[in-house]
Amino acid sequence: MTLVILEKQYQLVNLPNSFVGVLRLLNIPVEKKNWFGAHEFEMDSSQGSTLSTNVAGIVDGSSGCREVSFIDNMPIYVKELIAGGAAGAFAKTAVAPLERTKILLQTRTEGFQSLGVLQSLKRLLKHEGVRGFYKGNGASVLRIVPYAALHFMTYEQYRLWILNNYSGLGSGPVIDLLAGSLSGGTAVLCTYPLDLARTKLAYQVIDTKRSFSSGVKSIYPRPAYNGIKDVLTNVYKEGGARALYRGVGPTLTGILPYAGLKFYIYEELKRHVPEEHQKSIVMRLSCGALAGLFGQTFTYPLDVVRRQMQVENLQPSFQGVARYRNTWDGLSMIAHNQGWRQLFAGLSINYIKIVPSVAIGFTAYDMMKIWLRIPPRQAAA
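Taking full-length UniProt numbering, I'd label the letters of the sequence shown as residues 1 to 381.
Bear in mind the hints are in silico, worked out from the structure with no lab data behind them.
Cβ atoms here follow ideal geometry from the backbone N, Cα and C, with glycine treated the same way.
Please note: incorrect hints may appear among the correct ones.
As the list claims (entries may be wrong) - Label-pair ranges, simulated between beta-carbon atoms:
hint, residue 1, residue 2, range
1, Phe298, Val117, 18 to 24 Å
2, Cys190, Arg131, 28 to 34 Å
3, Pro375, Arg341, 45 to 51 Å
4, Val117, Gln338, 45 to 51 Å
5, His277, Asn234, 48 to 54 Å
Could you build the full structure based on these sequences and the hints that come with them?
What follows is the structure, given as structure tokens:
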């Protein structure tokens, strides 16, 4: 008789030595393998034990016991998803107060139009307390985890696909530009409704401390939406699936060059860093900060159009008709009616926000890749 013991592919530790030792004492032949038959040994009554080389020492209780690492057995793309999601959540939460303030400035929320960054932060603290800094951050993190996970993972996969199928392009910065743009577009399309919910929640300013001056009348006495689910449900009822993607045009128009430039600049800067400094966290933070800075400067007006399209039904002047027909119409009308400066409203705070955000994001991703033992790109290919 042979006792067959099956183990799951991603089991952390093999069977205890004591259990195998009991089987040996009982002289029961044993065959041990994973679901795919990859690792096995036999105990024969006449010969004591016949072991494969990779599991020597299991039966006699020696330290040669082979342990299957859960991390090492993960597919690379799963590791990239985990690394990207963790990096995104960490970076987004770190700059949540600045993100909330930026949205209030971009959407010309009453009571905040003429305020600077510090004054806006003080006003939020006064009227909503510390929790006000993080309003909409739940939706933001809920969005950024799958967004960043998809963004970083698809970047690596698109990059590998381009290298394998279009070798004539070489392996230089053009690959990073193309892979970054494609990954940014993919991540946006998959997570855009959550970004819409985040913006609508952040746009609402509720006087929880009842300290607004009587001159500000149009700030909601109660929230129009009470959470992520409420936003998505009501928006879908009002306009169907299309309404959940209101503003996706300028988002894609902005994210394609931004994501491409971000990865391109980051990777290009790292290529020029001496090898002995390439693992430095300060170096990674600096490269990430510069990448975010340049990328945001070129694409920021498109972000302003997107935010205004997302919240136009919450604004006092809304009459049930879309204010902007498309991205270019939005750019033109904002410049004509609100002044060209409005296209850059909140840019200063975005600089303050984007420098730590992108820097932390890239650095956390690189650190997670090391912790998860993701092989270098050359080895992964």
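Hints versus structure:
For Phe298 and Val117, the hinted distance range of 18 to 24 Å is satisfied, since their beta carbons lie about 22 Å from each other. Between Cys190 and Arg131 the beta carbon distance is about 29 Å. The supplied range of 28 to 34 Å therefore holds. As the Cβ distance of Pro375 to Arg341 is approximately 48 Å, the hint placing it in 45 to 51 Å holds. Look at Val117 against Gln338: about 19 Å separates their beta carbons, and that is not inside 45 to 51 Å.
For the pair His277 and Asn234, the supplied restraint of 48 to 54 Å holds, since their beta-carbon distance comes to about 51 Å.
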